[in-house]
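Since chain A is already given, all that's left is putting chain B on it; use the hints.
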Amino acid sequence: MNSHNHNKPIRPEELLSLEKSIKTIKRLIIYLGKQKLRIFSVILIMVIITGISMITPILIKNAIDIHIANGNVEALIKTAIILISIYFINSLLSMVNSFVMIKVSQETLRTIRKDCFTKMQKLNVSFFDKNKVGDLMSRLSNDVDTISNSLTHTIIGVFTAVITLIASGAVMFWINPILACITIVTVPILVISIRKLTVISRSQFRKSRVQLAVINSFIQENVNGVKIIQSFNQEKNVINEYIVENEKYTKILIKSSIYGGLIRPIIGFLNTLRYVIIVSLGAFLAYYGKATAGTIISFTDLADKFSQPINHLAQLYTDIQQALVSAERVFEIIDSDDIIEDAIDAIEVDHLDGLVEFKNVDFSYIADKPVLKDINFTIMPGMKVALVGPTGAGKTSIINLLNRFYEVQNGDILIDDLSIKAYKKDSIRNKIGIVLQDTYLFTDTVKNNLKYGNKTLGDEVITEACQMTNCHNFIMNLPNQYDTILNRDGSNLSHGQRQLISITRTLLSSPDILVLDEATSSVDTITEKQIQEAMKLLTQGKTTFMIAHRLSTIRNCDLILVINHGKIIEQGNHHELLAAKGLYYELNNSTNSQKLKEFEIIG
Amino acid sequence: MKNYLKLWKYMFPYTFYIIITWLFLFAEVNMQLLVPTISSNIIDIGLENGDLPYVLKMCIYMLGATLLNIIFGILTNIFSTISSTRSSQTIAKDLFKKVEHMDFEQIDQIELGNIITRLTNDTSRIRRVNKNIQLNVFKIPIDIVGSIIYAYNLSPRLSLILLIVTPLLFIINFFIIRKSFPYHRQVQEKLDKVNTVSQESISNIRIIKAFVKEDDEVDRFIGSIDELKNTSIKAEKISALSSPITSLLMNFGIVAIILLGGFETINGRFKVGEIFAFITYFRHLAGSLLSITNIMNMFARAEASSIRILEILHSEPHLKGNSVQKEMIGKIEFRNVTFAYKDGEPVLKNINLVINPCEKVGIIGKNGSGKTTLIHLIHRFYDVSEGEILIDDINIKAYNLENLREQISSVSQKTFLFAGTIEDNIKFGKPDATEEDLVKASEIAQASNFISDITENYQAELGERGINLSGGQKQRLSIARTIITSPKILIFDDCTSAVDMKTESNILNRLGELNCTSIIIGQRIKSMEFADKIVVLDEGRITGIGTSDELVQSNDIYREIYLSQMGSDNVE
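Chains A and B, in that order, give the protein sequences. Okay, so the first sequence: first residue is 1 according to my numbering, each after it adds one. Okay, so the second sequence: first residue is 604 according to my numbering, each after it adds one.
Derived from the structure by calculation, the hints contain no laboratory data. None of the hints are false.
Here are the simulated DMTMM-like cross-link-like pairs (lysine to aspartate or glutamate), alpha carbons at most 25 Å apart as the crow flies: (1) A:LYS581 to B:ASP1103; (2) B:LYS923 to A:GLU241; (3) A:LYS114 to B:ASP795; (4) B:LYS1105 to A:GLU570.
Calculated from the model, a selection of chain A residues having no Cβ within reach of chain B, i.e. all distances over 10 Å: (5) LEU18; (6) VAL349; (7) GLY458.
Label pairs and their computed distance ranges (CB to CB): (8) A:SER193 to B:GLN712: 50 to 56 Å; (9) A:ILE55 to B:PHE866: 21 to 27 Å; (10) A:ASP337 to B:THR941: 56 to 62 Å.
Keep in mind that this is a model prediction, so the values were computed, not measured. Ideal Cβ positions, reconstructed from N, Cα and C, are used throughout, including at glycine.
Isolated chain B (complex conformation):
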């Protein structure tokens, strides 16, 4: 309840709609409640006295009330739909924004399948609940108070029945719901698990098939859905108790009305038509109370969804930009930089490195030596644990984040293309790029040839994850995508691994045209050839900086790599 209420602030902008909804509801309920009283008048006054014009008049009143009832009902529906849908979609929007702005540390810690359920299922649940609250929760007090007032007017003594049965109904339902709440939360958890399993099985389908593990995946999935099923059955069984118990109590109430109303009528203090109207009010009241069960269930689920939504909404990225905005020259300096991922061992240790504007630097080292981390730090995807990084002699923490990142561009190992055309993908970082920019970037990235081989050229659609391109083509597209942004600092993070050597050297040779500082991370000695200086990283430390010739002489690790790729005949 508590968390769900927090999300109600999203309804505030629609206060006007909510008030209107409430007013219409009030009118709607009143029109409904008028009908039984009118009908008791028909029976008790009209029929008793044989007054046909009176009966006719009352019938027209009833009809009028009914017509107004539906008009108000439709208006209620429209206004409540607008406010609840708008507010829940605003939540979805805020969630999406939050996720897109998460820093890398947060992203590393969340599960994808999880986020997507929050964005879709949880928000749509909030929408339904928001609407139901307006239609039912607002309506319940009106129903209860209204029925009791109308009933009291008929017979204050019989109204005692309402006053006894009503709280009883309420209490029983309250207990049932309280008991079922934890189960419903479990159901949600199990559902998450099912989603994670299926997401993974679909994405990993090739591996699964290659290992002939389809049956195992099916078993894993069945395991997760069985858990979900069992939990759901438990949760629903408890909730299912509520309806029969409530209707039993309600029917007892009706019998009591007939019995006591009968005695009163026999004693001449009450009339048959009034018994009838009384029963109708009681039904109305009990029906309204019955819907409380659903509402409480709904609240329980809404609460679970709210917790999950708020968890994201309340998360704050640790990384925040600052005010410096400038055009970079492209000097990078690491001063005593040490870095460790959250709760981990240091990945980079005491890094000192100066890269001058327009310099071309190669970084080479083993897997896990910290190359990619080093790049992430330049982008300020993570903050250094110790030391500082300066760009143009200003600490990167002082920069406006957007300003910083828009001038630093890197192509990563893992290519991730978006659904859309090749052009959309290349222009991703610079949507307003001209045709000329597009072609030039593609040429430099050596992508223009294969693009022109495709019938639709730049307009060719890429499937999810760019499935209809080869690994090398995808890499070249992502290189073009980076080049087109004309960054001041350009980083290739081993992004030519699937490109053949000739193409790779063509790309690297043309980087000179770009007038920027470039950093090339690679595994191939050949990729390092074009660099002004090469940095050798090993286990998070820089072990050597120099040209290839220098390093072959002075750096053991570099020599080892060199020998393994070039053969021993190369070293004198």
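Just chain A, with the same shape it has in the complex:
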């Protein structure tokens, strides 16, 4: 594709406002809230660690100013032993803490992934019309990953930071108020400069994310379509386009990484600067007898402790931003309400008679572009109905509505005299068997694919069904027969074989109403004949809707609905419609072979 198609961002990505950020953070905290006990213990341990580590600078100061100055070896050794014990306890505690934190973050990650995926499964088919697979995938994997990478560390980090700040601040004031004031003044400078930087790097990061999504979609599509691309000799063009996109991404990435990477040296600089200030000022104070060498030494340590949480948060700041952007993308899915909800009093059915009625049904995928207009028909239980018409006439849409993949805009669909909305949609779908024109199989064994609709089926039932649908023979020829794992999209089977399996899959789910969407069209006639025989057996007494082009199929139907431009323009059986000499007649006689024409009419 020409590159301009990929310039368009998938959605307008605007910066997260502060208000929105807080909202997102709150939601993330709720996720963490599911593990209150663990988080509580992490914070508790943190408090203990921080408290203990505040003692060390005081001990060190005393060792230098008092014990060493006075030549008191015994006291020096005693101090050393106390210090070692403190460090030991601290390391032990922080080890325990990381273990708990790992657990917390992994559990949270899992929960978010689960929620996101569960929501995706609930969402309407129309949601998947609107969102690209690649984009959804990257939300589910990259974005959730980004969240977890920083989430727990950040939120726990905030608590630790506050505790550490207060404790080390207090100790500093206790040792030397003047130096303490100076040290504390450096903090806002640090914070402000880091904030400024992060705002810049954040917008850069967002830009790179948008381009990443573009490039991911591009990759997804062009890896998927590689066979087509090669058939059209377009490898070079596609690669060139990729190079253009990749170059764009590289540039944005370099820019955003440079901005992101600035934070580290700048923090380093500010820390060293503070160190320089403390030593210089400390020296002047010492010169006037207002400080000691021990004060300066312990202060550099304390100032380190004091700024560490701030630095830490600042470093995490980039991560937090990434996490927030990602979290927003994930929550967007979790918050989608593109769901057809069952009515509260929706009824569960385990059998449908198969009386289907469309009453004044209007439908459109996009507003103002009607696809179906005022559709009316009644199908008695057990009737076989063919939907016939030019491509794009609206046949597939009728079937989509019947499955309640989409909701009608006007009118109603009745099944067994009750509105489709009165049923639980799952129970309706359970009872409507479907074979789509694109056969999607799963990367799983043939057997599991076959029992997709009903996991409890025994092997014999499956084999029997496969024999009826002519699958058995070719399955037995596969390397591991029924236990052969199908490739990606079942590519170790031919198109027709896949279709046969998907038909058998539907048959095995024992539906009460069957919907066959152009399913038989690429099965060869002989196989189709065998399927039809099996189908006859299985569809006996069951309402069946088919979109088929083959005359032999259509002819055997009880009712033919001829659809054009979203309307039913003719209905009746084969002979009636031929006699009417309308569109059906025309479609039927479209071939220019005189001989065939005659036979069709006679047939």
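For chain B alone, coordinates are given in the frame of chain A:
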């Protein structure tokens, strides 16, 4: 490590950047290391002697060193970012190229979700590692050697502490990392699995909903993320050991410095300011060593990513083109062709067939009879196992691949359209096609009518997989896409299955205008009507060649198909 290093060749073009990065790093570290020595001088000389101008002078030196430190730091960041990003994106580019050039045999064997992670996650990991290597791995030796030299200048005896603690830190971390490496590899594997499951669940959503299997899919997904979670916890726990152990050792070192430095000071061989500077050097050294843990972890992951990247980069398509380039006349000949997919039973057996220039040939046969395979062989998507295929009496293996494929075009059963406008899609194989070509191809493919019904006409955007078009419309677009390339050999591989019969015959009737050899694979006898000759394929063998009338008489399979579609009243 080994595989990751192989990918370092992508950094070679940026050697200049790397050297500059290293120089700036060297300067940056030195500026940093100067500061503690200066401050010990302030305490021990300035304060001791009450020399205020000296203190002032030293303070200005410190400030200068700090300023230079940040300038070098920023430059380091810029140069390392450029080289690491550029190199990793070159890897991504090479990967993409490789994938696009894979032959069909390779494509059949790879998993899509897998390739995409390699192209995105793995390359971005390599980028981060490449940058980190420059910032940290280069920095570590400078840090270590530098700290030791500066410390040794202060007190050779106390430096012994550094020499004992440093290797200890190193060894402990080394063991931790070695133990965690296999776990991190497992994490990557589990992540792949999660991706495969989610990819499939999203693509198959209609089927899932139709079968009301949303809950099962959720369970399947939860199963995969639980595995990922458990493995990740194991891996991270092992890695998490490193930090507390390292900081414990480091703090022991500091206590030792205070204790021994204290004794030395009491004995008059050392000064308080020097203890202070010494501790700072030790911290610097230990901090640097601590980052080794992260680096080793990073290497472990980079190695896993590298293996996955190299697997693709090193794969070579078996199919290679040759030198013949010519404009085809369009004669195709199969000579004793037998073909089997990798490790499979033969799909085509001893095929002999001559198709003359501009002839229209129909191929009919059951599912799995080998029709599509036959077409793939003409394109040379696969090589024949035995025999040969000749085009214009030249073995297709002698042709330049591009030259061969650009003159042979087929429309396949499965329509695959790209995101983009209708025009982009039709012009896919011939981006420089004129407006006239576009309209003509669409007319022949019977697509112009429905296209003009759409408000934006040719500029209408198609969703992923062309979701807003019906199956038949998609098929007609892909027919137009093929026709516009004006191939010498045109193949319809059952590509009109979703098109109604009237439209289909309109399309087939207009193929005569194209002046090319055409092969029509179909299920419908009607589609075969227009062919000069029909080939009947069954279980990989040709059972009959002739006109429809001849075959009805002579070929059992053809007669059976004919009867099932046309009814018995047709045969005398």
